[in-house]
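**Q** Letter by letter, the chains look like this.
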Amino acid sequence: MRNIKTIFLREIRAYFNSPMAYIFLVIFAIINGYFFTNTFFLINQSDLRILFGIIPIVYLFFIPAVSMGLIAGEQNTGTIEIITTLPITNSEFVIGKFLAAFTLILLGLAATVVHFITLVYVGTNVDYGAIFSGYFGLALIGAAYASIGTFTSSITENQVVAFILGVFVVLVFYLMDKMLLFVPSGLSGFIQYLSVEYHLSNISRGVIDSRNLIYFASVVGFFLFLTVQSIEVRKWR
Amino acid sequence: MTDLSKNFGSLEAVKSIDFEINDGEIVGFLGVNGAGKTTTLRMITGFLVPTGGTVYVDDLNILDHAYEIQKQIGYLAELNPLYSEMSVYDFLEFIADIRKIRGKQFKEALARVVEQCGLKGVVHRTISNCSKGFRQRIGLASTMIHDPDILILDEPVTGLDPNQIVEIRGLIKELGKEKLVLMSSHILQEIQVTVDRIIIIHEGEIVADGTNEELMSNFMGNVHLTMEVKDATIDSVSNIESAIPSVKFLNSEPKNGHQILHLEYSREDDPREELFKFAVDSKWIILSMNPHTANLEDIFRSLTVTGGANA
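Protein sequences appear in the order of chains A and B. According to this note's numbering, the stretch in the first sequence is residues 171 to 407, in order. According to this note's numbering, the stretch in the second sequence is residues 56 to 366, in order.
There could be a bad hint or two in this list.
Among chain B residues calculated to face chain A with C-beta under 8 Å, some are [stated by the list, open to error]:
no., residue
1, 102
2, 120
3, 122
4, 132
5, 136
6, 138
FYI, nobody ran anything at the bench for these hints, they're computed from the structure. Where is the CB? At the ideal position from N, CA and C, for every residue including glycine.
Based on the provided sequences and hints, a complete structural model is requested.
**A** Below, the structure is given as structure tokens:
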């Protein structure tokens with residue numbers, strides 16, 4: 171547990187010791203703010219549904235960018251050799267890295283609270299429950315995408331390749347429930363269950379079902395497991 | 056290390072090597088680039104898993120007990136990768152933290168490695184702003200922060216200037232009094248002056264293993280004698296072998312009206328006195344007599360070009 175914290179803190183410092191974290195956070199806030207405020211005053215509704223619709227799309231590029239250097243960077247500079255020869259397990263290393271990326275995503279999400287505050291001031295009959303569950307859903311989807319980004323970062327030492335692969339895999343999960351028309355009816359239920367949008371829409375409605383939580387936990391667990399295996403396989407190459 | 060081997064696809068980088076190292080020994084792992092040095096060290100530290108065989112540290116097998124073994128090892132990787140964006144202090148604290156050295160213990164360990172590696176004055180500097188020499192010292196400091204029993208140093212003096220090389224060499228010698236140090240290099244002179252024992256690896260195989268003296272006595276071969284003489288006739292020169300059986304006549308060549316004779320004899324049987332008497336009897340005038348024995352460099356070159364056998 172202590173090693174996870176050590177890796178996590180090193181990674182967070184690395185984010186904030188370079189312009190990277192600041193650039194990501196500012197761009198994330200500007201894009202979300204622009205698309206949200208563009209329509210917020212026009213539709214005249216006291217909710218954040220527009221914001222909750224935009225953020226998953228911004229995530230598609232934002233999260234792979236945040237996570238692309240997590241392990242690919244270590245492989246590229248050779249520091250992976252320091253880490254893998256220290257008394258630390260691959261799981262501790264991967265979880266520490268993942269948590270750092272997830273924290274940066276949560277910070278990005280926290281910056282959008284300004285829109286919530288605006289809503290509280292100018293809106294009427296604000297449905298706080300739906301807003302909180304919406305944020306909760308965005309945090310879960312952020313965790314799922316961060317685990318995918320962590321995995322794609324582990325299979326290459328090139329950060330650009332890690333980013334492109336990350337966007338691709340995340341996009342597959344995002345578009346899955348929009349492809350249901352093209353899959354055999356027997357498979358559609360399964361494909362729908364794999365789609366993040368399906369689970370996110372349930373949570374955004376204010377329904378926090380254990381099936382949805384299990385889904386996100388499974389995605390995170392599965393991709394972090396693959397990441398650990400991917401690092402382990404390097405030793406055997 | 057028993058029967059250790061590593062293949063990368065069809066390439067056999069390390070071929071069934073065996074050796075044992077004891078505490079308080081400084082061992083040099085010598086070989087040309089691509090001989091298999093780094094691959095072997097990476098298997099010892101758990102960075103790579105062997106294709107065959109294994110490594111034992113105090114009866115612990117690296118395949119089953121990598122975590123325990125890594126606690127005892129300090130490893131300086133080839134090219135010395137470091138987290139450049141961190142300060143020296145933060146980097147050493149990070150490594151120490153993973154090694155569970157914290158608080159007061161860390162302060163003491165830091166003071167020790169700063170003193171040993173000469174890092175005073177750069178502790179709070181960002182690593183990317185440090186010179187190559189300092190970066191190498193930072194790498195060394197990180198391998199020693201937990202005062203390990205075993206130090207594995209892959210090309211520790213690469214890129215250092217002559218003064219820094221002397222300092223690091225002194226430090227390694229000092230550490231080797233108590234610890235097991237295994238250092239690799241492709242520079243013979245470096246290994247020769249630093250270590251107690253040399254293991255020469257070539258194309259993934261150990262071709263020699265022993266102390267400086269052992270290698271010399273096992274691989275040095277015969278003495279080559281170059282004699283410059285005046286007034287030597289062809290007949291008298293051809294009589295050398297029959298007059299002195301321990302001498303082998305190789306060839307002769309004229310030089311400025313004199314003769315240069317190339318002779319060979321065994322190191323155990325020095326015939327120079329007899330040669331002198333023979334020259335007097337044959338009415339030669341000896342102008343010079345230069346014996347030449349193979350040095351470690353000749354041995355290294357011959358072993359890493361043609362292969363050889365263990366000492």
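**Q** Taking each numbered hint in turn, which are not upheld by the structure, reported in ascending numerical order?
**A** 2
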